[in-house]
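Chemist: Here the structure of chain A is known, so what remains is to put chain B in place on it, guided by the hints.
Residue numbers (the working numbering), protein chains in the order written: chain A, 74 to 688; chain B, 2 to 462.
Among the clues, some could well be false.
[As the list claims (entries may be wrong)] No farther apart than 30 Å at their CA atoms in a straight line, the calculated lysine-lysine pairs in the BS3-like style are these: (1) Lys118(B) - Lys655(A); (2) Lys565(A) - Lys173(B); (3) Lys606(A) - Lys306(A); (4) Lys357(A) - Lys173(B); (5) Lys660(A) - Lys412(B); (6) Lys419(B) - Lys545(A); (7) Lys118(B) - Lys646(A); (8) Lys173(B) - Lys606(A); (9) Lys131(B) - Lys633(A); (10) Lys634(A) - Lys80(B); (11) Lys563(A) - Lys412(B); (12) Lys657(A) - Lys118(B); (13) Lys658(A) - Lys118(B); (14) Lys634(A) - Lys131(B); (15) Lys412(B) - Lys548(A); (16) Lys565(A) - Lys196(B); (17) Lys606(A) - Lys196(B); (18) Lys575(A) - Lys565(A); (19) Lys633(A) - Lys80(B); (20) Lys412(B) - Lys581(A); (21) Lys306(A) - Lys324(A); (22) Lys588(A) - Lys196(B); (23) Lys634(A) - Lys118(B); (24) Lys419(B) - Lys548(A); (25) Lys419(B) - Lys588(A); (26) Lys412(B) - Lys606(A); (27) Lys131(B) - Lys646(A); (28) Lys563(A) - Lys80(B); (29) Lys591(A) - Lys419(B); (30) Lys131(B) - Lys565(A); (31) Lys633(A) - Lys118(B); (32) Lys419(B) - Lys563(A); (33) Lys581(A) - Lys209(B); (34) Lys207(A) - Lys427(A); (35) Lys419(B) - Lys575(A); (36) Lys118(B) - Lys487(A).
[Claimed, not checked] Some chain B residues close to chain A (C-beta under 10 Å, calculated; not the full set): (37) Leu128; (38) Gly130; (39) Ala178.
Since the hints were derived computationally from the structure, they do not count as laboratory data. Positions of the beta carbon are idealized from the N, C-alpha and C atoms, including for glycine.
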Amino acid sequence: MNYDIIVIGAGHAGIEACLAAARLGCRVAVFTMNLDYIGNCPCNPSIGGTAKGHLVRELDALGGEMGKTADECFLQSRMLNLGKGPAVHSLRVQIDRNKYKEIMKHKLELQENLEIKQAEIIDLKSDGNLWRVKTLTNMEYTSKCVIIATGTYLGGTIYIGETSFKSGPDYGLPALRLGEALKRLGLSMRKFKTGTPARALKSSINFSALEVQNGDKNIVPFSYRTKDKGENKICCHIGWTNEKTKEIILKNINKSPIYSGKIEGIGPRYCPSIEDKIVRFSDKERHQLFIEPCGLNTEEMYLQGLSSSLPEDVQLEFYRTIKGFENVVIMRPAYAIEYDCADPTQMNSTLEFKEYSGLYGAGQFNGSSGYEEAAVQGFIAGVNAALKTKNKKPLVLDRASSYIGTLIDDLITKGVSDPYRMMTSRSEYRLILRQDNADQRLMPIGRKLGLIPGSIWEEFNLKEKQKQEEIKRVKKVNIYPTSAVNELIKSKESFPIVQSVKLFDLLKRPNISYKDLKIFDSESPNLSDEILKQIEIEIKYEGYINRQLRQVEEMRRLEKKQIPENFNYGEIKGLRLEAVEKLKKIKPESLGQASRISGVSPSDVSVLMVWLSRK
Amino acid sequence: MGKDKILNDTIAAISTAQGNGGIGIVRISGSDSLKIAEKMFKPFDKITKISSLKGYTAKYGKIIDKGNFIDEAVILVFKAPNSYTGENVAEISCHGGLFLTRRVLRVALELGARLAKPGEFTKRAFLNGKMGLVQAESVMDLIYAKSEKANKIAFENKEGNINRKISILKDKLIDVASKLAVWSDYPDEEVFEFKISDLSGEIENTLKSVTNMIKTYDFGQIIKEGIKTVIVGKPNVGKSTLMNLLSGSQKAIVTDVPGTTRDAIEETIMLGGISLRLIDTAGIRDTQDIIEKIGVDKSKNLINSAELIFAVLDGSKVLEEEDKKILNLTQYKNRIIIINKIDLPQVLNTNSFLKKEEKILCLSAKNESSLDNLKEIVYKSINKFVSDENDVIISNERHLDCLKRIRNILKEATDELKNGITLDAITVLIEESINILNEFTGESASKEIVDRIFSKFCVGK
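So here's chain A without its partners, still in its complex pose:
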């Protein structure tokens, strides 16, 4: 059977890939080893978080599905970092993981142009024009493009103490044959590892010994399509490890497969196991853990912060040292999982393999980690595969456009040495790439692709228009130095005004908000909180935003300087040997990308620039 696009894997990357491609009118087939694992969340029951929340908002603005689905099944919502500045506000929600799976699977089933197939892909070949995939049960399919989104299933091995066995996440079937086929194809592969903590029975935990963590009163949804904001249904709890926990872990450290050398895969630095934390930061007396419900119709609790690969009996022993956990019952033990993934420097910014036309990678297969990181890559790969089948110009997001662009550029340019997690510190354009303006940055792109419904697009345009008009208006409105005004200003620890001042200029002061001044501004229009907040940010941070825009302009100048595909770096006199090697490996698409490769110095970039102008 023949398709336009075949997607291998129906996790968070595969879902976005197949939905986007099908919505763009391609005939798509998505393969999963088990239909009941579509959209599974084998680790934390939450979506978003610092920088990850940005990714979800951006994906939604482009026309992706993750944010909308999270809104439909969230249990608790929190905007993190309120008070730390608009650049780092990040949305994070606890979700009902069973419901999330169910909704996603249903959306896939309802999607036009999309076929869902339960099968293990064991071989993948190209005959020049078409890709040919083969299943374990001897079915063969062909397609113009293939997107690999195998997550931690590919060559998966679970480790618990001295026990290890071949397995996918959540004990799902592992994909044990495809890895060999990819190696035969010539892809450069590697092993990474990650881990997850235990799930415990709710009734065995003494919550009165724990600290409560509530959701926000004012709920902000992820999706621009969500109209019903919903409400918090649960709360989370915080607990602490202690000296006794530490003692037990250190006593048994040699039973950890990582410390005994059994696992060779490289684990994520951002998500260390509890034994890692204790060994590496031995002076820390206690470590935090978060207790999060896995859903409404389950008593399973996720213990964030306590992932481990120690033997099950040791796990139980150290979990029980924690206050409130004296009688805890473990339902699923913590485990480490090792898996095969590809070196992402083999791909270009569309996530297509440079040497394999029509072959794409996304998600953990590309060396990233996290549901959100996976989803955005899936979307980009899906859209680009679709555009390729239609002979249209690819979609490339640069670093200044989004966290998505930053993530992909980091992967393909710098490569990864451990599973890559998105963080706000990874973006140099943080004050522009805010979660509140994701629509402004990306919705026009989503609309042009054809993935944004007309009604949402109209709402967006109206909002932008109102915003621009209001900014224009506050530049004209005068605020006079009456005693009431100065009283207010002083109460905000700012210095009083002596003559009339434009509202715009008063809003520039860090402590003074739009709402504070509303009573002195009789013609203030009735605008939504969301718009008011954005206006305030744009006024208060104008200097910084302009500063960053200048940097963007500079960056884009270099980005526009394309480097021909089969450029011979070896013939350029004046490039250092190290630079030549790196450039040959990464094959940057532009001078800008070249300048971000580690080992390529500014003088190498200058030499390249001169050489490229030589015509």
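Modeler: Below, chain B alone, put in the same frame as chain A:
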């Protein structure tokens, strides 16, 4: 392609060889070059506006720094595309000398020009289609060789105090940035107690050390160009032999006939890690010989401008009129009295002229073993220039430029913190300052910060 302006900001640099030529030229190129020149150069005719001059015109006038006169100079204006770089160019010719030329350059930089990178004028010329294909490779070689050399000097020499100081500075900035990053990327975790007052303290400390480093610049110039050291003494007292001893070569002509050295001979030598610009002079004496007289007058001028003086006396002879004159001329200068020819019978009585705590050294310049004693006493007498061994001295224009940009950013950060701006904006400023230091090495601030987070803080689920 040739017209494509990849870089269109304005750059400036000294374009004459760095040395003691008679004329020093500061070249400014780019869209704002004439505007900048207009602000710093005032023609004597008081009518001409530099920015409205035609290409290939020259004007005579003065260079002004914030209202202060610096030098008389000639400006030469080139209009795009008819210039070396193909952009608007102003070339200001001033009265040579590294210090003066650098000061003129600094004025241009303060008015908004950016210091040109090695080979950048040539690169622009090339990119603007002003150079032929044939030259391409030599341009690249030039960029490569020069910047590599600059990088080597700036960063690869791990022994240097400057490098250490700069990496300490960068380390501090990365520390601040990574704390901010952990604080915002791991909001729920108890990592450390975060206080804004601690943060602003750290930024202010860093700002203070940057400011101190900048202050050392002028002094650094003296050290870098060498301490101007003049050797004086009556003819045949052994000045040239002393110079040869110091420099280890036979540059000066040494004979036994008084007055053999007609002109001042200059040589730069390294002594105890400090460079001395050693100037041997014609003997000071009243003379009828015209050529020699010129040399003698020059000697007197040199004494006045010297930063260190070796006054050489002959230990085998009594104090003569000429010796007294020399001692007189140099009495208020930073001098070392050297009694030469101690291998001969000594008759000189030093008590008659020696002041308290005066540095004096008896040696035989012919004897190489005298060198160690000489080094020691020289080191002591220039010690006041090098107050503290750990103190860093900024001597490189590029370092200065970097530090000034960092100072401005950190200053903005401290001010903004006081105003109550949120910390996400502060982070952006700190990262910008790290990136300035990274311009030398091509490292990436974000990677370094992320690395620091995971090596220093225990975070993650």
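Chemist: So, against the hints stated earlier in the document, which numbers end up violated here?
Modeler: 2, 5, 8, 21, 28 and 30
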